[in-house]
Amino acid sequence: MTHRDAPSQLEFLQGTLDLLILRTLLAGPSHGHAIARHIQRTSEELLQVETGSLYPALHRLEAKGWISASWALSDKGKRARFYRLTALGRKQLVAERSKWEAFSRAMLLVLNPADQGETQ
Amino acid sequence: MNSFFRKLRWLAQRPDKEAELREELRFHLEEEVEEKQDRGLPENEAARTARLEFGNLTLVQESTRVQWGWPRLEQVGRDAGYGLRQIRRNPTFSAIAIATLALGIGGITAMFSAFDTILIRPLPYAEPDRLVMVWDDLSKTDIRKESDPTPAEWFEWRRLNTVFSDIASTQPIDATLSGDAAPEQIPACKATGNLWSVLGVRPLIGRFFNDEEDRNGARVAVISYGLWQRRYGGSPDVLGRKIDVNDTPYEVIGVMPREFYFLTARDIDLWMPASFPAWMRTAFGGTTNGSLRG
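Residue numbers (this note's numbering), protein chains in the order written: chain U, 96 to 215; chain R, 481 to 774.
It is worth saying that the hints were derived from the structure and are not from the lab. These numbers come from a predicted model, not from an experiment. Treat the hints loosely; a few may be bogus.
[Said to hold, decoys possible] Capping the alpha-carbon separation at 20 Å, the derived lysine to aspartate or glutamate pairs in EDC-like fashion look like this:
#1 R:Lys516 / U:Glu196
#2 R:Lys670 / R:Asp717
#3 U:Lys159 / R:Glu515
#4 U:Lys173 / R:Glu500
#5 U:Lys173 / R:Glu514
#6 R:Lys620 / U:Asp170
#7 U:Lys159 / R:Glu514
#8 R:Lys516 / U:Asp170
#9 U:Lys171 / R:Glu542
#10 U:Lys159 / R:Glu633
#11 U:Lys186 / U:Asp170
[Stated by the list, open to error] So the derived label-pair ranges between C-beta atoms look like this:
#12 U:Met202 / R:Glu514: 34 to 42 Å
#13 R:Leu537 / U:Arg185: 56 to 64 Å
#14 U:Asp170 / R:Gly535: 24 to 32 Å
#15 R:Ile588 / U:Ser163: 51 to 59 Å
#16 U:Ala190 / R:Arg486: 27 to 35 Å
#17 U:Leu204 / R:Arg486: 36 to 44 Å
#18 U:Ser163 / R:Thr572: 51 to 59 Å
#19 R:Ile588 / U:Arg179: 55 to 63 Å
#20 R:Thr589 / U:Ala190: 47 to 55 Å
#21 R:Gly557 / U:Lys173: 33 to 41 Å
Just so you know, even glycine gets a beta-carbon here, dropped at the ideal spot from N, CA and C.
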């Protein structure tokens, strides 16, 4: 498949796509395609957002009330479904983000112990 | 909870949501095509690649649609629907299965009801463990093993009694209740005036008949809680009411407590004095209850 030609692509860990969508919407309302592009570009093409996970995620977040959707015109003048962060979503973003940061810090600490060089 | 109501609203807007989703995904595809054209791909090539990258459209729609509802609930609904279709498809087997279940549940319920009343719940008497039932032992005859004592025996046992604090006697009868409303066949029971003190029960309202009324053949009656509710609407006016029992006028003087029942007979709706006449001192069937001396 054509989109598999990137040097190395990462699989999304459970729940991380939700966090990335919320973070992307912090900059302002956006439609699905732009959200996917933004995540891809910002991650230096390491993260590829499949439509099969993007739209279920968007609608799931909407059902939870973390984001809301409305139809508006895209910058090219076409009707698109724009998502925006709700107050609840903003709170969720803060919580999820600190959870993720703690998790990734913990992972790094275990993977790169400070005294590794000396003991081996 | 917010989420629940949002999904409920979506349920009503399902066709609109379908159309919206189709449009949303079409927009995504168009953006993708344009982007590829901008990068210099010819139009048909751009459309083909975008389509390939998009993946299975139906699958994307399906997995997005799932987010609108309650997947687990809908799964249960589908299972129930499948079950019902199976029942319709094989009615004979289903009927047998359902009947088996119904009989099983019914049987267990009936058994448990009896078990509950007799063994678990205490009998609705003052000292149930001091109460006994007394029969004639006829095992030495070839007629039958046991027999209900006669009024004559009740008189004699009571006179010669040394082990019981008292002995009462009852006799179930069929009664036709009439006079105040549509005639009705009800289970009734004649009782000696001391039955209430032997059982140790009190009336819910009114009073019971006593020994003297029993001896004098007073035309008074005590009715069950059920009959009171059913025929007289639970009104306290029932006390003093004139009713006809087997075409004989009686006066209602009391109502039994709701939980009261009498173990030897059916659910008795009407109690009246036994008033054994003198000639019955020779032969009559009936049940005798003795209360052991405490």
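Now for the hints, and whether the structure bears them out:
Between Lys516 (chain R) and Glu196 (chain U), the direct Cα distance comes to roughly 35 Å. Violation of the 20 Å bound is thereby established for this hinted pair. Distance hint between Lys670 (chain R) and Asp717 (chain R) is unfulfilled; the C-alpha atoms sit about 24 Å from each other, more than 20 Å. About 32 Å separates the Cα atoms of Lys159 (chain U) and Glu515 (chain R), which puts this hinted pair outside 20 Å; it is violated. The suggested pairing of Lys173 (chain U) with Glu500 (chain R) holds, with an alpha-carbon distance near 14 Å, which does not exceed 20 Å.
Simply put, Lys173 (chain U) and Glu514 (chain R) have alpha-carbon atoms about 12 Å apart, close enough for the 20 Å limit, and the pair holds. Using a Cα cut-off of 20 Å, the hinted pair Lys620 (chain R) and Asp170 (chain U) is violated, with the two alpha carbons roughly 111 Å apart. With a C-alpha separation of about 32 Å, the suggested pair Lys159 (chain U) and Glu514 (chain R) falls outside the 20 Å cut-off, and the hint is violated. As the CA atoms of Lys516 (chain R) and Asp170 (chain U) are separated by approximately 17 Å, the hinted pair is consistent with the 20 Å bound.
A C-alpha spacing of about 29 Å is found between Lys171 (chain U) and Glu542 (chain R), which places the hinted pair above 20 Å, so the restraint is violated. About 82 Å separates the Cα atoms of Lys159 (chain U) and Glu633 (chain R), which puts this hinted pair outside 20 Å; it is violated. Using a Cα cut-off of 20 Å, the hinted pair Lys186 (chain U) and Asp170 (chain U) is violated, with the two alpha carbons roughly 29 Å apart. Between Met202 (chain U) and Glu514 (chain R) the C-beta distance comes to about 39 Å, which sits within the given range of 34 to 42 Å.
Hint check: Leu537 (chain R) to Arg185 (chain U), Cβ distance near 33 Å, so the stated range 56 to 64 Å is violated. Taking 24 to 32 Å as the suggested C-beta distance range, the pair Asp170 (chain U) and Gly535 (chain R) conforms, at roughly 26 Å. Range check, Ile588 (chain R) to Ser163 (chain U): Cβ separation about 54 Å, and the 51 to 59 Å hint holds. In this structure the hint that Ala190 (chain U) and Arg486 (chain R) lie 27 to 35 Å apart at CB is violated, the actual value being about 21 Å.
A hinted range of 36 to 44 Å for the beta carbons of Leu204 (chain U) and Arg486 (chain R) is consistent with their spacing of about 40 Å. Taking 51 to 59 Å as the suggested C-beta distance range, the pair Ser163 (chain U) and Thr572 (chain R) conforms, at roughly 54 Å. Distance hint for Ile588 (chain R) and Arg179 (chain U): a CB-CB separation of about 59 Å, consistent with the stated range 55 to 63 Å. For the pair Thr589 (chain R) and Ala190 (chain U), the beta carbons lie near 52 Å from each other, so the given range of 47 to 55 Å is met.
Separation of Gly557 (chain R) from Lys173 (chain U) is about 38 Å and conforms to the stated range, judged on CB atoms against 33 to 41 Å.
In summary, the structure is inconsistent with hints 1, 2, 3, 6, 7, 9, 10, 11, 13 and 16 from the numbered list given earlier, while agreeing with the others.
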